[in-house]
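Peer 1: Spelled out from the first residue to the last, the chains are:
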Amino acid sequence: MADDKVLQAIDEPPVMESEICVTDELVEVYIMGKPYTVPASLTIMKAMEYVGYKLVRGVGCREGFCGACGTVFRRRGDYKLYSGLACQTLVEDGMYLTQIPSFPAEKAVYDIRELEPTANTILSYYPELARCVSCNSCTKVCPQEIDVMDYVNEALRGDIERAAHTSFDCIMCGLCTVRCHAEMPQYLIGILARRLYAAHIAARAQDLESRVQQILDGEFDKELADIKKLSEEELKDLYKKRDIEPT
Amino acid sequence: MGYPDYMRESIEKVNATRSKRLGVQYPRLTMEQGNEVLRDYHPDFKDEQKRNILVGPNRGDPANHEFADVLEAHPAIRPGDVDLEQVDWDVDVLVIGGGGAGSTAAMMAAEAGAKTLLVTKLRLGDANTMMAQGGIQAASKPQDSPTIHYLDVMGGGHFTNKPELVEALVKDAPLVIKWHEELGVMYDKDPDGTMLTIHGGGTSRKRMHSAKDYSGGEIMKTLRDEVRNRPEIEVVEFSSAVELIMDDKGACVGVVLMNMETQEYKIVRSKATVLATGGFGRLHIQGFETTNHYGATADGIVMAYHVGVKWVFMDSVQYHPTGAVFPEQIVGMLVTEKVRGLGAQVLNLDGDQFTYPLEPRDIESSKIIREVEKEGKGICTPTGKWGVWLDSPLIDLIHGPGTIERELPAMVRQYRRFDIDIIKDPVLIYPTLHYQNGGIDIDANTATSVPGLFAAGEVAGGIHGTNRLMGNSLLDVNVFGRRAGRSAAAYSRDAEPGKPTLEHLTRYEEELEKAKVETDRHAPILLPEYRPEHLREHMLDIPL
Chain A
-18 MADDKVLQAI
-8 DEPPVMESEI
2 CVTDELVEVY
12 IMGKPYTVPA
22 SLTIMKAMEY
32 VGYKLVRGVG
42 CREGFCGACG
52 TVFRRRGDYK
62 LYSGLACQTL
72 VEDGMYLTQI
82 PSFPAEKAVY
92 DIRELEPTAN
102 TILSYYPELA
112 RCVSCNSCTK
122 VCPQEIDVMD
132 YVNEALRGDI
142 ERAAHTSFDC
152 IMCGLCTVRC
162 HAEMPQYLIG
172 ILARRLYAAH
182 IAARAQDLES
192 RVQQILDGEF
202 DKELADIKKL
212 SEEELKDLYK
222 KRDIEPT
Chain B
262 MGYPDYMRES
272 IEKVNATRSK
282 RLGVQYPRLT
292 MEQGNEVLRD
302 YHPDFKDEQK
312 RNILVGPNRG
322 DPANHEFADV
332 LEAHPAIRPG
342 DVDLEQVDWD
352 VDVLVIGGGG
362 AGSTAAMMAA
372 EAGAKTLLVT
382 KLRLGDANTM
392 MAQGGIQAAS
402 KPQDSPTIHY
412 LDVMGGGHFT
422 NKPELVEALV
432 KDAPLVIKWH
442 EELGVMYDKD
452 PDGTMLTIHG
462 GGTSRKRMHS
472 AKDYSGGEIM
482 KTLRDEVRNR
492 PEIEVVEFSS
502 AVELIMDDKG
512 ACVGVVLMNM
522 ETQEYKIVRS
532 KATVLATGGF
542 GRLHIQGFET
552 TNHYGATADG
562 IVMAYHVGVK
572 WVFMDSVQYH
582 PTGAVFPEQI
592 VGMLVTEKVR
602 GLGAQVLNLD
612 GDQFTYPLEP
622 RDIESSKIIR
632 EVEKEGKGIC
642 TPTGKWGVWL
652 DSPLIDLIHG
662 PGTIERELPA
672 MVRQYRRFDI
682 DIIKDPVLIY
692 PTLHYQNGGI
702 DIDANTATSV
712 PGLFAAGEVA
722 GGIHGTNRLM
732 GNSLLDVNVF
742 GRRAGRSAAA
752 YSRDAEPGKP
762 TLEHLTRYEE
772 ELEKAKVETD
782 RHAPILLPEY
792 RPEHLREHML
802 DIPL
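So the protein sequences, as listed, match chains A and B. For the first sequence, the numbering used here assigns the number -18 to the initial residue and increments by one for each residue that follows. For the second sequence, the numbering used here assigns the number 262 to the initial residue and increments by one for each residue that follows.
These aren't lab readings, by the way, just hints derived from the structure by calculation. You may find that some hints are simply not true.
[Stated by the list, open to error] Here are the simulated distance ranges between beta carbons:
#, chain 1, residue 1, chain 2, residue 2, range
1, B, L796, A, L211, 56 to 64 Å
2, A, T79, B, L805, 43 to 51 Å
3, B, R754, A, D128, 46 to 54 Å
4, B, T664, A, L211, 39 to 47 Å
5, B, L345, A, L211, 47 to 55 Å
Every residue gets a Cβ at the ideal spot worked out from N, C-alpha and C, and that includes glycine.
Put together the whole structure using the sequences plus the hints.
Peer 2: So, in structure tokens, the structure goes:
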């Protein structure tokens, strides 16, 4: 089959007559050890679909937010282990890849409202934190480029605030946990740090507190009942006349 | 990678005009001008893309062909395929869907003392909620009020919204943010605790609360963690609902589930059921690319339609003004409205502004389509797609260096993967299918017309009328998810389910036949199909 015919099948790109339209090169990738030839412009996820996988595991938001498609790979002639999200990483020639859609990790169960943000709180739920040997494998494998080992150590020191901020971009794909010598679930430690920080350390919003009280006291009930009764014309008029808070 | 040379010519014009554009605001359209551009350029107004539905409770109503295709389709199973008497779960409240609405519903139902089961097609948290970036609206500041929020929501929805639903939305909003604060959602705050809030398209007050540009992710991760902290909520993943079960009195009493990996079916008996299955982005309405989650295939609305539940505003679709169109690998991906909220302007081929950047989403999208289709001022990508520039570097010029990296880390990262630096160069965008404005007709307590069946989140309609404003869907899933959980738990206390049946599927088949619908389509479809056709034609169906 001609290469351009293969390309048409991906997502039927509109054919452009101008010279800027590029033809795609093909590369060989090894999906769980088996070689396939795919267009170089595809992400790992689209390449798997392109060769015939109907994905149930290892697929989610397809935009890099949900952590479903953590993938590890090696390159031909290179001993290093690489990682990425299948939905955000382009295929390369000679890429050996496998997805790790699920990996066992035990989540601590807690009532966040009852917890106190002390130096030992996180450690008491995840004592394996103390087993960190600072090998940095977690940071190296993180597809979000988070300094995972840093937040593990911040959590270990009891610096909940820093651990919360350092881990903020975590999408909980779990690749760190796969690689961890100390066998700890870093991503679960991260979310405990963030929840502890937001619920117990960050100052509470006073405006919000007062507004909630006003609503519970029924202060807006009449206003809302009145505006609900307006005719469409009256409402449009009010809408046109509304003042806009300056940016 | 990065931008090809021919695109750089246009980018240089954008970079050259930037300092001159700083502080120069393009005028906002009047309501009349807005309506005109909608009528001429919005995809909702393209009648040839729609047809009138031939069957079911909305028979005769217009629907986009792609949506009509899943309604004018055979039900996923036939009554004889399953044994309803062999019950695998017997619960008070069944929640179908593991996103924002489903998670909150399950929590509230369990808190109300109901024995609660949450089932989801993929993983808990696999939902559009996880992907929402920009923020969540709530009138939490003194210069704002639920009433002003109400007016903005109605105006954004072109005054078609159901007032009682809007009232619920705006009144519960601050309560939701407070609840999140207690649960430990890391909102952006000043050191004194004041929430940082900005404008969104169509807002008259700065009421957009955010968690950087991971707002939905931060909320969803917290809700998921909280659901997992409550052992009283049973969660079953990778199990899709395929059809609702009714009783002989016309109430919904459970669901047929299918294990997505083994295809084994299971029967859930429930006194009350909450549909929280999300929207239909992955049907690719009118061929548009989508920002939506892989599982957004309209399953809930199809199952509800089979038992006679009507929908509203389903021919109204939200095209997010700023979906990525370059590079090819991320086409359709959301570029958050927060980018414009922070001051980025929308520019054409020549680097000129042609629209107020924060019009309501439908108008903004229509202006972009107009600039490309009518004015011919779009930029073509190497694969033949069209777009206009979103001038992200302007943000650091307005708010100071470092703002983009601090406020938009997800976006910086996504583009950096393809060697594009959004701090120095603009990004190419075009409207992309983002949200199902309509959905199942519900009341303020999320009840549908079928006793025992409730609906919350994107699957439900009427809250946003024919156009949703940014930040009101993260709000919607929380407000109505919470209400659905409570309503379902309350209903379940007195419910006495009768004899289970799937007779409604037989009736639906009869209706299809009567309407002379001849098709081999089945729905709900559960997942979209992205395998190439030539390959599917060469697949054998041999049991292994």
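Peer 1: Evaluate each hint against the coordinates.
Peer 2: These are the hints, each one checked on the structure:
{"no.": "1", "hint": "L796/B to L211/A: 56 to 64 Å", "verdict": "holds (57 Å)"}
{"no.": "2", "hint": "T79/A to L805/B: 43 to 51 Å", "verdict": "violated (21 Å)"}
{"no.": "3", "hint": "R754/B to D128/A: 46 to 54 Å", "verdict": "holds (50 Å)"}
{"no.": "4", "hint": "T664/B to L211/A: 39 to 47 Å", "verdict": "holds (40 Å)"}
{"no.": "5", "hint": "L345/B to L211/A: 47 to 55 Å", "verdict": "holds (49 Å)"}
Violated hint: 2 only; the structure is consistent with all others.
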